[in-house]
Amino acid sequence: MTGPDREPTGDGLEVLLFAGLAEAVGRSRLRVEPPLPDTVGALAARLREEWPGLSRATFRTAVNQRYAADESPVRPGDELALIPPVSGG
Amino acid sequence: MTGPDREPTGDGLEVLLFAGLAEAVGRSRLRVEPPLPDTVGALAARLREEWPGLSRATFRTAVNQRYAADESPVRPGDELALIPPVSGG
Amino acid sequence: MIAVTQEPIDVDAVLRAVEGPSEGAVALFLGRVRDHARGREVERLDYEAYGGMAEAEMTALAETARREHGAAKVALVHRVGRLEIGDVAVAVAVSSAHRPEAFAACRWLIDTLKERVPIWKKERYEDGEEWIAEHP
Amino acid sequence: MIAVTQEPIDVDAVLRAVEGPSEGAVALFLGRVRDHARGREVERLDYEAYGGMAEAEMTALAETARREHGAAKVALVHRVGRLEIGDVAVAVAVSSAHRPEAFAACRWLIDTLKERVPIWKKERYEDGEEWIAEHP
Chain A
1 MTGPDREPTG
11 DGLEVLLFAG
21 LAEAVGRSRL
31 RVEPPLPDTV
41 GALAARLREE
51 WPGLSRATFR
61 TAVNQRYAAD
71 ESPVRPGDEL
81 ALIPPVSGG
Chain B
90 MTGPDREPTG
100 DGLEVLLFAG
110 LAEAVGRSRL
120 RVEPPLPDTV
130 GALAARLREE
140 WPGLSRATFR
150 TAVNQRYAAD
160 ESPVRPGDEL
170 ALIPPVSGG
Chain C
179 MIAVTQEPID
189 VDAVLRAVEG
199 PSEGAVALFL
209 GRVRDHARGR
219 EVERLDYEAY
229 GGMAEAEMTA
239 LAETARREHG
249 AAKVALVHRV
259 GRLEIGDVAV
269 AVAVSSAHRP
279 EAFAACRWLI
289 DTLKERVPIW
299 KKERYEDGEE
309 WIAEHP
Chain D
315 MIAVTQEPID
325 VDAVLRAVEG
335 PSEGAVALFL
345 GRVRDHARGR
355 EVERLDYEAY
365 GGMAEAEMTA
375 LAETARREHG
385 AAKVALVHRV
395 GRLEIGDVAV
405 AVAVSSAHRP
415 EAFAACRWLI
425 DTLKERVPIW
435 KKERYEDGEE
445 WIAEHP
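Chains as they are written, first to last, in this note's numbering: chain A, 1 to 89; chain B, 90 to 178; chain C, 179 to 314; chain D, 315 to 450.
Be aware that one or more of the hints could be misleading.
[Unchecked claim] Not the full set, but computed from the structure, chain C residues with beta-carbon under 7 Å of chain D:
| no. | residue |
| --- | --- |
| 1 | 199 |
| 2 | 202 |
| 3 | 204 |
| 4 | 206 |
| 5 | 210 |
| 6 | 216 |
| 7 | 219 |
| 8 | 261 |
| 9 | 263 |
| 10 | 285 |
Simulated from the structure, these hints should not be mistaken for lab results. Glycine included, C-beta positions come from ideal geometry on N, C-alpha and C.
Sequences are here, hints too, so could you generate the full structure?
In structure tokens, the structure reads:
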């Protein structure tokens, strides 16, 4: 699945951020350069190390617009997103 | 309380009928001549004797547009109604 | 807004009647005329009401919904006369600050309206008609 | 009808989307912007959505409501962007033959939408603003 506002990322990945998480990091997308971690959980751990605004943040992770478990695989070209606690409705 | 379509009844009473009950009796109002029974229950019993369409019918009774118990008093000028099982909504 | 009316129900007006700046939750129930009932095909309905008493009962229900079921504002409208398939026969709207009360009061209102309010429907079929007696 | 939209929600269209000759019961929930929350006075809200995923989740919820909760037809619309007090932020409509299923599915949908769908609100106060984190 390709999001409407994504650009080709080669062997890397872009990660979408939203709401308070985007404000805490100061950006709404992050680039992850290869080599990519194998799993969602490993990728989230790497982002928490690289970005202080994420280190203690609460978020779920989505791959290709579906919530994904930590052990889900990550592949180049996937649409990743960090989902802070939601408050719709 | 005076209903919009009631006429003066002197010392008697008029009783309103609705829906299947009105069809079973063939009229939508009945006149009760004095002497009046003391209670709603006694009045209902008299109507069941006088009108074959009511003898085995299921109905609740309302006095002045409120559901009334069998022991409620009946007075000249009250607005009485026989309420067959409802089916609004 | 409490009414028994011959006219088509204005659902927008029903919803506007429960608006308020502190009422974040609105629950609306609409009862529409179905094309089938009790295993038979229904062509249309005729509703009859004991008008004054029906409105008095509906007013009392609205008060109870506010006092005991957490409703902030209530609107109850029932249509009578000849209704076709798809027509809205009854509209119940409740607002409250939060949704549990709005849902609970709306459900209680339609359930209790069906049990107590003196309104009757006659179902018309291809080959006949019948007064429906649902709640003794 | 499943949508995340910048435009005001057309409640009539939401209700029309669940009409049907066999669906005698319609339950609608509207979430409106309240003038207070968490003990503070609210001036307005800004909603943000992860648009594609929000619509995908809402579509999945509607399917589950039909498959497991007795809904016949479902409409889900969430507004995003800047909303003022009284604006409708979310509309959930469900139709079914009878009312228990319509109420249950409508309640399940709004509860689950609030838990799962990636939409966030920022409350604006006289003296500041805050992203609200309700469901981790």
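To see whether the hints hold, each was checked on the structure:
{"no.": "1", "hint": "199", "result": "4 Å, holds"}
{"no.": "2", "hint": "202", "result": "4 Å, holds"}
{"no.": "3", "hint": "204", "result": "4 Å, holds"}
{"no.": "4", "hint": "206", "result": "4 Å, holds"}
{"no.": "5", "hint": "210", "result": "5 Å, holds"}
{"no.": "6", "hint": "216", "result": "12 Å, violated"}
{"no.": "7", "hint": "219", "result": "11 Å, violated"}
{"no.": "8", "hint": "261", "result": "12 Å, violated"}
{"no.": "9", "hint": "263", "result": "5 Å, holds"}
{"no.": "10", "hint": "285", "result": "5 Å, holds"}
Of the hints listed earlier, those the structure fails to meet are numbers 6, 7 and 8, in rising order.
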